[in-house]
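Peer 1: Protein chains in written order, with this note's numbering: chain A, 1 to 336; chain B, 1001 to 1336.
Since the hints were made in silico from the structure, they are not lab data.
Where a beta carbon is used, it is the ideal one built from N, C-alpha and C, also for glycine.
Some clues are possibly wrong.
Each computed BS3-like pair below joins lysine-lysine, with the alpha-carbon atoms no more than 27 Å apart [stated by the list, open to error]:
1) Lys1219(B) with Lys1029(B)
2) Lys1088(B) with Lys119(A)
3) Lys1153(B) with Lys317(A)
Covered by chain A, per the in silico footprint, the following chain B stretches (three or more residues, Cβ under 8 Å) [said to hold, decoys possible]:
4) 1048-1062
5) 1119-1125
6) 1314-1320
Chain residues, written in single-letter form:
Protein chains: 2
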Amino acid sequence: MPYELLVEVTRNGIVESRHFGAAVVCDYKGDVLESWGDIDNLVFPRSALKPLLAIDVVQSGASDHYALGDAELSLMCASHQGEEMHEKKVGGWLKRLGLNPDYLACGAVLPDDRENAHKLIASGQNGCRLHHNCSGKHAGFLTTALHLNMPLKDYHLAEHPVQRLSLATLSNLAGTDLSQYPSGIDGCGFPALTMPLLCLARIMARFSNPEKLSGPHTKAIFRLHEAITREPYYTAGHGTVVSDLIQVTKGKVLAKTGAEGIMTAALPKQGLGIALKISDGSARARSVALLAILDHLGILSDSEKRQLETHISPHLKNSRDLIVGDIRPAQSWISA
Amino acid sequence: MPYELLVEVTRNGIVESRHFGAAVVCDYKGDVLESWGDIDNLVFPRSALKPLLAIDVVQSGASDHYALGDAELSLMCASHQGEEMHEKKVGGWLKRLGLNPDYLACGAVLPDDRENAHKLIASGQNGCRLHHNCSGKHAGFLTTALHLNMPLKDYHLAEHPVQRLSLATLSNLAGTDLSQYPSGIDGCGFPALTMPLLCLARIMARFSNPEKLSGPHTKAIFRLHEAITREPYYTAGHGTVVSDLIQVTKGKVLAKTGAEGIMTAALPKQGLGIALKISDGSARARSVALLAILDHLGILSDSEKRQLETHISPHLKNSRDLIVGDIRPAQSWISA
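Could you put the whole structure together from the sequences, leaning on the hints where they help?
Peer 2: Below is the structure:
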């Protein structure tokens, strides 16, 4: 069994559903501090790589050249919810580049944000490419490609030079050539890399403390820390665990989600990286598991825990608005 | 480990996510033919009990008295999607009873059916109680209560006589007193019973072949078979695995979903019942697992399998409408 029981969903105190997963905490030297399940298993990090994919836009000088602010850089690291503020910011950014949403390679979708989705539907509109949770990442890749005089066409395909650049950057952080692992296609058309879960945690640990990195990444990564911490609601959205964690901890925990049950965090103060995979791909379990690990490591203060209460052990309500159950770390697993 | 690996989600042929679960096939005598994982584990059957909860409305004479047709009986067994045809049928039924949607104890929700939900949003409306997937079950309980001169108030609470009646019916089918097990509250306000997974399969087996049942349930159950088979799209909806399975197999497989990864089937020709639980509560895995078991048992013809192809191993498409992966029975699990 490559997974351990991490999260339980209860109804009236009785366990109704169980989520299994693997998780690992390691330091910027790459050493494992603690782990659960098989951490050598290949995972698709999916959107958890976005903060790492944002390094090149800063390092290449594209970010300065096009005067990207904190919000744009935060959006490059984001799986945003497609709130109106996200949509507008990416739209304005593209305009400044002399481009429009048709340049984005991601598909048009209704935003995840319910309010904005309903507003669009009510006015007879469909979602557009700006609403895709990856639109900031796509705008960032276009920015880098423009600045480096690369063709804009097919910037989402693995063989495009801007993708090769980002694979090299990722491999540098990973300390290993990531092209050795198989890959697929992501929801937005980008390559979907695979790597061992431990490798993902190592990348996050090196992102958390870039001072020890060889190469020119250090400054770019510190700039991203700053941008995400200043504009946490551009890197996910209101009510999300990612934005709330960054906001409440003032950047002490830089969390990121990936589709199919992936969750990561970089802890700049401690120089630690965390990566976890919920085997079944569940979104509800990954954040509860991450918060349990953070609590176990003693990262969160009592005040921070109070502010994050609804994420630490969310209540389940029924259609009559009654609390009928909870999502909690498995009782057989870690405790603080 | 009380669960086995049942379903895999792949991306470019590489396994990205894994769903674990338990499943059991038994006959109407209660004997286990085959099982996977721990089948004595307590589960919440949730909506999988609806076809059983519909027995009393027929047996009590309420169904004849109020001239319920196939569609209404199918809706009583349904977790419907809230399509316009579902909403209208339940609305008309309540009207015939001299009631209105306010009598339903379930909460008001937007329908699961995307088309109907968007139509409501576009016209500035919220969903109502008729759109709740359980509205047919609620209308059925109101019908029985009216016919038996029970109070309508609090018909959703465990201590109400109409709930006690249905618990007795369920216990008769289970061959054991179900009040021995703990319970919670369901999404619609009804009691959410628990029972061992095997017990749920036994109930389904006895529902599949009611001729051997002691007691007066046989005729009512045959009437429900007939109604569901004639009106399969009222018992779930268009595009759902439940309705498509019943339609394609012409009632050879009476499938039913329950929230949090529950799936059941009654096979009237064979006198078999199937119950399975996906540990993590996933909806995408439960139907793939059921279809794998049906195929393993040799229940489906080649023609039926062709018609059910999109449910047997669904493709995953990305926002660019590319096929990027599949959901399939785990390769280590059963094959036909």
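Peer 1: Does each hint hold? Answer for all of them.
Peer 2: Status of each hint after checking the structure:
At roughly 19 Å between alpha-carbon atoms, Lys1219(B) and Lys1029(B) fall within 27 Å of each other, so this suggested pair holds. Pair hint Lys1088(B) plus Lys119(A) holds up; C-alpha atoms about 26 Å apart against a cutoff of 27 Å. Distance check on the hinted pair: Lys1153(B) and Lys317(A) sit about 22 Å apart at the alpha-carbon level, within 27 Å; holds. With 0 residues having a Cβ less than 8 Å from any Cβ of chain A, the region 1048-1062 of chain B misses the three-residue criterion, and the hint is violated.
Requiring three or more residues with a Cβ within less than 8 Å of a Cβ of chain A, the coverage given for the region 1119-1125 of chain B holds, as 3 such residues are present. With 3 residues having a Cβ less than 8 Å from any Cβ of chain A, the region 1314-1320 of chain B passes the three-residue criterion, so the hint holds.
In terms of the numbered hints stated before, the structure departs from hint 4 and from no other.
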